[in-house]
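Colleague: Top to bottom, those sequences are chains A and B.
Numbers 5 to 155, taken from the numbering used here, label the letters of the first sequence in order.
Numbers -13 to 186, taken from the numbering used here, label the letters of the second sequence in order.
In case anyone wonders, no lab produced these hints; they're calculated from the structure.
Don't take each hint at face value.
Claimed, not checked - Have a look at the derived ranges for each label pair, beta carbon to beta carbon:
{"#": "1", "chain 1": "A", "residue 1": "Ile95", "chain 2": "B", "residue 2": "Gly107", "range": "16 to 26 Å"}
{"#": "2", "chain 1": "B", "residue 1": "Asn5", "chain 2": "A", "residue 2": "Ile100", "range": "36 to 46 Å"}
{"#": "3", "chain 1": "A", "residue 1": "Gln53", "chain 2": "B", "residue 2": "Leu179", "range": "13 to 23 Å"}
Claimed, not checked - Computed footprint of chain B on chain A, listed as stretches where at least three residues anywhere in the stretch have a Cβ under 8 Å from a Cβ of chain B:
{"#": "4", "segment": "39 to 50"}
{"#": "5", "segment": "54 to 64"}
What the hints assert, rightly or not - With a straight-line Cα cutoff of 20 Å, these simulated SDA-like cross-link-like pairs (lysine to any residue) come out:
{"#": "6", "chain 1": "B", "residue 1": "Lys119", "chain 2": "A", "residue 2": "Gln73"}
{"#": "7", "chain 1": "B", "residue 1": "Lys119", "chain 2": "A", "residue 2": "Arg6"}
{"#": "8", "chain 1": "B", "residue 1": "Lys173", "chain 2": "A", "residue 2": "Ala39"}
{"#": "9", "chain 1": "B", "residue 1": "Lys119", "chain 2": "A", "residue 2": "Arg52"}
{"#": "10", "chain 1": "B", "residue 1": "Lys119", "chain 2": "A", "residue 2": "Leu44"}
{"#": "11", "chain 1": "B", "residue 1": "Lys131", "chain 2": "B", "residue 2": "Arg77"}
{"#": "12", "chain 1": "B", "residue 1": "Lys174", "chain 2": "A", "residue 2": "Ser55"}
{"#": "13", "chain 1": "B", "residue 1": "Lys174", "chain 2": "B", "residue 2": "Ser111"}
Backbone N, C-alpha and C define an ideal beta-carbon position, used for all residues, glycine too.
Spelled out from the first residue to the last, the chains are:
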Amino acid sequence: MRVCEWFDQYRDEDLNAAQREQFEAHLTGCPVCRARMALLDNVVCALRQSSADAPLGFSERIARRAFNQRKSWDLMVVSWLRPAPALIALIVTLFIFSSLWLIPGFRQTETVGEYEAVVNESYGVSPISSSGQIHSDDDLLNLLEQEGGAR
Amino acid sequence: MDMADSADAALIAQTLDGNELAFAELVRRYQAAVWGTVHRILGRSTEDEDAVQEVFLRAFSSLRRFDPKYPFGPWVLRIATNHCIDLLRRRKARRYKLWTELSEGEQQHLLNDMSVDGDFGSVVSRSPETYEKVAQALLDELKPKYRTAFILREVEGRDYREVADALGTSELAARVRVSRARAEIQKKFRAYLAGAKVKD
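For reference, chain B alone in the conformation it holds in the complex:
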């Protein structure tokens, strides 16, 4: 057990003894990581705060069942991904309206930018929110389990063991999910591009 883990274990023990400040400190340590993951998976800043609150409240109510031999981070990440997958499944009917909000010219322009082979970083930095929306639109119709696996692996750069732990599955299944997500994004992109060209 490293120092961070032993400090977490102490905070957990104090929380279970009724120390509110200890739990606040535990939340403070992990809120940035949980918030980032929840935000990327859900892709809606309006839902972030409620979702992150729910994650920590669930962690609190299950804290007695947590085994302090293991690190707290992956455990809370697993709660976060499970909660996000539940939310994504429930909101299936509500999808991005990105493509109807934009003119056909804008759609074509954004899609062309997304397929640029080169320094995309400088392109996206001009309008990060718009390109994030395009990226989220491409992820939006992925199955929640593929979307979550893709975010954890590709965007957050976690190794497959961590992805598998967070998703409660095997490493092989995690690899399959990421691979499917990549293929689906490509398929969706082609479909959008075909749609944009048809409109032109």
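In isolation and in its complexed conformation, chain A is listed as follows:
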């Protein structure tokens, strides 16, 4: 392993005494590692200089706001909903789809519906639907019997 690769371990103080000594000797002769080390030290130094303090009365304001929010009914509802948004979305989706399923127009499971679809697909325009004669499976059976008889 090249000594340059000990850079992170040196910064994290993970090297043993002998390795640390070796790396420090390397630093004096390696301008790349030295510049890298100086840059990080300086960035850290600049960031540590910055200070920020909470304004006076901050903790009391936060506590008041927190307790006022807890009293608010709508927030209680929101906080109750928050832990399970995915579950709620799933329930709502299932509810919507099951409602659609119950609407008669969304289901064409009757034989007459399937027959009309096949005829439409085969002929482009359905002679049956245009005649307005078929409204139930019984009508369809009559028509099929008539067609069988004609052939």
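Please arrange chain B on chain A, whose structure you already have, making use of the hints.
Modeller: Just chain B now, kept in the frame of chain A:
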């Protein structure tokens, strides 16, 4: 559990019983640490107050789920870092305009100072806000998780266990993030330096 932790546990219990002053005291104990971390991670003093408020409000609304067997400090720090990472991800489009605000000569001067090997402390003390801006500009395009790991480890001097806890990751992943952040800062610095030289 040490004395500070048992005092925190008592304040938490009183807060849950509806004692507003107890929560104010809990906030007072941790506001400096949380404010410092939020300020360093976000790098924008204008956003600090809102962000810190949100951290404590989130802590308050989750207080019933907090296990008082564990210390309160790392728990609230984790809320703070998660919130900061969310904010950093959202503001991706808004970046520092530091380099367009400064003349080319000033840019070159600041960059040279940042690479000085020696007593940088006395250099930065002449104009701490400017050098902080330069440092923040170097951090600004880091991924939020690298930036946060770097601040916690390098600037705040936390050990890797604490960094890992705050980030909700393993110690090894925390080490990798800090190492990547160091390498990215170096890369960004070279890119800025190259840009400044090209303009000269």
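Colleague: With reference to the structure, classify each hint as holding or not holding.
Modeller: Against the structure, the hints:
1. Between isoleucine 95 (chain A) and glycine 107 (chain B) the Cβ separation comes to about 59 Å, which falls outside the hinted range of 16 to 26 Å.
2. The supplied range of 36 to 46 Å is met by asparagine 5 (chain B) and isoleucine 100 (chain A), whose beta-carbon atoms lie about 45 Å from each other.
3. Checking the proposed 13 to 23 Å range against glutamine 53 (chain A) and leucine 179 (chain B) shows it holds: the Cβ atoms sit about 22 Å from each other.
4. With a cut-off of 8 Å between beta carbons, the segment 39 to 50 of chain A has 12 residues touching chain B; three or more are needed, and the interface restraint holds.
5. Closer than 8 Å: that is the beta-carbon criterion, and the segment 54 to 64 of chain A has 9 residues meeting it against chain B, so the requirement of 3 holds.
6. Restraint check: the Cα-Cα separation between lysine 119 (chain B) and glutamine 73 (chain A) comes to about 36 Å, which exceeds 20 Å; the hinted pair is violated.
7. Between lysine 119 (chain B) and arginine 6 (chain A) the alpha-carbon distance is near 34 Å, which puts this suggested pair outside the 20 Å criterion.
8. A distance of roughly 12 Å separates the Cα atoms of lysine 173 (chain B) and alanine 39 (chain A); the hinted pair therefore holds under the 20 Å criterion.
9. The suggested pairing of lysine 119 (chain B) with arginine 52 (chain A) holds, with an alpha-carbon distance near 12 Å, which does not exceed 20 Å.
10. Between the alpha carbons of lysine 119 (chain B) and leucine 44 (chain A) the distance comes to roughly 15 Å, so the proposed pair stays at or under 20 Å and holds.
11. At roughly 14 Å between alpha-carbon atoms, lysine 131 (chain B) and arginine 77 (chain B) fall within 20 Å of each other, so this suggested pair holds.
12. For the proposed pair lysine 174 (chain B) and serine 55 (chain A), the alpha carbon gap of about 25 Å is over 20 Å, so the pair is violated.
13. For the suggested pair lysine 174 (chain B) and serine 111 (chain B), the alpha carbons sit about 24 Å apart, so the restraint of at most 20 Å is broken.
Consistency note: the structure conflicts with the earlier hints numbered 1, 6, 7, 12, 13.
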